[in-house]
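Asker: Below, each chain spelled out in residue letters.
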Amino acid sequence: MCLAIPMKLIKIEGNKGVVELSGIQKEVSLNLLTNVKVGDYLIIHAGFAIEKLNEKEAKETLSIWEEIGNLQQS
Amino acid sequence: MKRILLSHGSGGKATASLIRDLMLKKFGNSILNELNDSAILNSTGEQKLCFTTDSFVVNPLFFTGGDIATLAVNGTVNDLAVMGARPLYLSCSFILEEGVEWNMLDRITTSMANAARKAKIQIVTGDTKVVEKGNTDKMYINTSGIGLLQKGLIISKELITAGDKIIINGEIGAHGLAVMSKRENFKTNIKSDCAPLWDIINNMLSVGGIKFMRDPTRGGVATVLCEIAENSNIGIKIKEESLPIHENVLSFSEILGLDPLYIANEGKVIAVVDKDKEKPMLSNMKKNALGKESAVIGEITKENKGKVVLETVIGGERIIDRLTGDQLPRIC
Amino acid sequence: MKYITEYRNKDLSLRLAGKINDYLLEYKGQISLMEVCGTHTHSIFRSGIMNLLSKNIKHLSGPGCPVCVTPNEYIDTAIAYSRLPDIIITTFGDMIKVPGSTSSLEKEKAAGGKVKIVYSPLESLEIARTNPKKKVVFLGVGFETTAPLVASTILTASDEKIKNFFVLSGHKLIPPAMTALLENKEVKIDGFICPGHVSAIIGEKPYEPIAFGYGIPSVIIGFEPIDLLQGIEMLVKQITKEKEPTVENQYRRVVRKNGNVKAMSLIKKVFETKDSTWRGLGQLPKSGLYIKDRYFHFDAAKQIKVTVEATKTPSKCICGKVLTGTKKPYDCKLFGKLCTPENPIGPCMVSSEGTCAAYYKFNKQ
Chain A
1 MCLAIPMKLI KIEGNKGVVE LSGIQKEVSL NLLTNVKVGD YLIIHAGFAI
51 EKLNEKEAKE TLSIWEEIGN LQQS
Chain B
1 MKRILLSHGS GGKATASLIR DLMLKKFGNS ILNELNDSAI LNSTGEQKLC
51 FTTDSFVVNP LFFTGGDIAT LAVNGTVNDL AVMGARPLYL SCSFILEEGV
101 EWNMLDRITT SMANAARKAK IQIVTGDTKV VEKGNTDKMY INTSGIGLLQ
151 KGLIISKELI TAGDKIIING EIGAHGLAVM SKRENFKTNI KSDCAPLWDI
201 INNMLSVGGI KFMRDPTRGG VATVLCEIAE NSNIGIKIKE ESLPIHENVL
251 SFSEILGLDP LYIANEGKVI AVVDKDKEKP MLSNMKKNAL GKESAVIGEI
301 TKENKGKVVL ETVIGGERII DRLTGDQLPR IC
Chain C
1 MKYITEYRNK DLSLRLAGKI NDYLLEYKGQ ISLMEVCGTH THSIFRSGIM
51 NLLSKNIKHL SGPGCPVCVT PNEYIDTAIA YSRLPDIIIT TFGDMIKVPG
101 STSSLEKEKA AGGKVKIVYS PLESLEIART NPKKKVVFLG VGFETTAPLV
151 ASTILTASDE KIKNFFVLSG HKLIPPAMTA LLENKEVKID GFICPGHVSA
201 IIGEKPYEPI AFGYGIPSVI IGFEPIDLLQ GIEMLVKQIT KEKEPTVENQ
251 YRRVVRKNGN VKAMSLIKKV FETKDSTWRG LGQLPKSGLY IKDRYFHFDA
301 AKQIKVTVEA TKTPSKCICG KVLTGTKKPY DCKLFGKLCT PENPIGPCMV
351 SSEGTCAAYY KFNKQ
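Protein chains in written order, with our numbering: chain A, 1 to 74; chain B, 1 to 332; chain C, 1 to 365.
Accuracy of the hints is not assured; some may be wrong.
As the list claims (entries may be wrong) - Calculated lysine-lysine pairs in the DSBU-like style (CA-CA distance at most 30 Å, straight line):
| id | chain 1 | residue 1 | chain 2 | residue 2 |
| --- | --- | --- | --- | --- |
| 1 | B | Lys182 | C | Lys135 |
| 2 | C | Lys188 | C | Lys116 |
| 3 | A | Lys56 | C | Lys257 |
| 4 | C | Lys2 | B | Lys187 |
| 5 | C | Lys312 | C | Lys361 |
Everything labelled a hint here was simulated from the structure, so no lab data went into it.
Using the sequences and the hints given, assemble the complete structure.
Answerer: Below, the structure written as structure tokens:
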């Protein structure tokens with residue numbers, strides 16, 4: 001059971017939040033997470049946020065690939 | 001005991017088996033056996049008559065960009081248009097559930113009138129039945145349509161040859177998702193593309209070079225492409241990066257685990273066009289309000305006979321096949 | 001689509017594929033990589049990455065499809081419930097086509113059974129709230145990604161004192177299945193593609209016995225084409241160059257080393273681990289989640305009495321071997337002939353992420 005998508009948290013209402021991706025909005029449960037804030041990207045699975053996306057790691061992963069590109073070009 | 005399942009109504013392989021094993025077997029004939037979007041009748045006169053029928057059972061009845069009435073008019077009108085026939089007259093039958101609100105039916109019939117005006121057709125005959133509460137899902141509508149085939153026009157799968165281009169008049173997947181977003185409790189800005197196609201198709205016909213046309217309704221673009229390729233001596237190659245898809249449609253598909261290629265459209269035509277006509281055809285289509293995002297999505301090939309091959313966005317390859325029944329939202 | 005589109009870059013994909021193929025040229029041998037998550041199977045085929053990679057990478061699809069590994073007994077029980085007059089069965093989409101011993105939920109629905117497809121267990125709970133005279137049963141199928149959701153829903157039901165919501169738990173755990181695969185001497189696995197979202201819950205540690213105990217390199221990988229290629233690059237590098245197999249995490253933007261501690265605590269609160277039967281693998285020790293006595297009010301297995309037909313397992317179906325990667329779908333005598341997506345015999349063909357369905361749809365070889 002793995003289908004999950006990163007969506008941006010735009011509103012918090014108690015233990016529920018509203019997440020958004022490309023104009024699609026859904027109310028989801030935040031029961032599985034602590035310390036989330038509006039603006040965080042959350043991984044959404046079956047109506048729940050299961051993890052918060054680490055944007056720093058996301059940037060680092062991408063920059064490694066750019067490195068591969070630069071190495072191969074030089 | 002063998003029973004009818006929902007998948008028998010979804011336009012995929014199960015539907016095809018049902019039609020083959022029951023309808024064609026019992027009352028097939030040379031016209032019906034073609035299984036075209038509309039039947040071309042053996043009629044006298046300079047222009048042949050085209051005849052088609054369709055039933056509409058959508059839930060919810062109202063969705064962003066349309067309702068059951070606009071579907072009922074445009075669905076049938078487009079089945080005529082993609083055969084190259086100017087739609088003229090529709091019949092309309094209502095099956096209503098006891099207890100349906102008068103105001104709702106008022107809204108529906110107003111919508112139907114507007115759709116008929118926009119499609120430039122007249123509704124000339126009809127029927128109404130009411131069934132006991134619980135025996136139907138608020139309302140079902142059937143429309144049948146008659147149109148006049150353009151004089152001398154021949155459009156057929158047999159004309160398709162390697163090198164022909166596959167063109168669509170705009171973005172895919174919106175209708176099915178507009179309907180689904182109401183059902184699945186998501187808030188989206190996705191709007192159904194439900195619209196009458198005769199104007200844009202009439203312009204396309206004037207460019208010439210059209211070998212075949214079909215509207216990718218239930219089962220989506222993938223099903224139409226499979227229907228073209230299967231049991232033929234040609235193959236189809238599609239480029240995923242050429243498919244016009246709006247970001248909100250792509251995102252919603254990702255969330256539900258659906259493939260946009262299989263999602264229904266109600267204002268789209270796929271045309272297989274002679275390669276020499278590719279540029280003038282695209283240019284002509286883009287002048288029409290329903291063709292601003294027209295695109296070449298692939299071509300007919302000598303290789304991979306009978307198959308539809310998709311080149312993925314990263315340069316890989318996969319085969320596109322028919323679905324059995326409805327595409328189900330995935331969880332995994 | 002932020003954090004999705006960037007990971008579908010063609011240029012980078014081709015470069016990563018090139019790097020992987022270079023390793024294999026040097027290595028001059030075949031390596032077998034197994035993914036244990038149905039979504040990985042689906043993503044690999046959907047992206048077409050295997051076309052870009054050397055034929056010396058043998059790709060095995062293991063038992064990661066939760067529908068695939070649900071045994072006939074579970075489906076037969078769900079079918080038996082669906083025939084009771086005051087029950088509404090709620091389930092994820094793929095389950096309805098799964099064949100049990102003699103029927104399926106799709107067929108029961110056609111015969112009048114109340115079966116509703118839901119996107120979330122929360123929808124199931126809402127159906128229970130709005131239908132107080134009915135018993136609403138949620139089919140709890142899925143691995144560690146989904147179990148905490150169901151645990152949370154049971155706790156909400158408990159707080160609200162909802163009396164008509166039940167779960168038939170078929171949840172299973174991935175690491176015991178991976179260990180069971182390695183105990184089978186027939187299977188040759190050189191590296192594991194570890195499931196990204198299961199790992200978001202359980203973290204990196206559960207894979208350590210696999211890497212350090214069994215000596216199999218294991219990389220936690222995401223689902224986009226770039227994730228798959230980058231993760232396979234890490235695996236192939238470990239296999240062909242590094243000396244000591246280890247657990248690595250390619251999906252660091254989602255998977256933390258210790259996983260989601262809160263989600264794990266919810267699983268521990270509501271479920272206990274016991275032996276369970278897996279289609280194709282038999283009974284595996286401590287591999288299934290069952291509702292604790294404290295929440296037995298919500299346990300369908302304890303609360304709803306029903307007679308279930310005797311389980312029958314189809315004889316020529318080799319789903320078990322396909323799941324373990326010892327056979328490919330086209331090795332099965334039934335594949336594409338008697339067993340097709342329209343008429344599935346084993347769950348590997350039924351589920352859209354099942355190995356046979358994926359092969360049928362994308363390969364047909």
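Asker: Would you mind marking each hint as holding or not holding in the structure?
Answerer: Each hint tested on the structure:
1. Note on Lys182/B and Lys135/C: the hinted pairing holds, with a Cα-Cα distance of about 26 Å set against a maximum of 30 Å.
2. For the suggested pair Lys188/C and Lys116/C, the alpha carbons sit about 41 Å apart, so the restraint of at most 30 Å is broken.
3. Among the hinted pairs, Lys56/A with Lys257/C is consistent with the structure: their alpha-carbon atoms are about 15 Å apart, no more than 30 Å.
4. Taking the CA atoms of Lys2/C and Lys187/B, the gap is near 19 Å; set against the 30 Å cutoff, the hint holds.
5. A distance of roughly 28 Å separates the Cα atoms of Lys312/C and Lys361/C; the hinted pair therefore holds under the 30 Å criterion.
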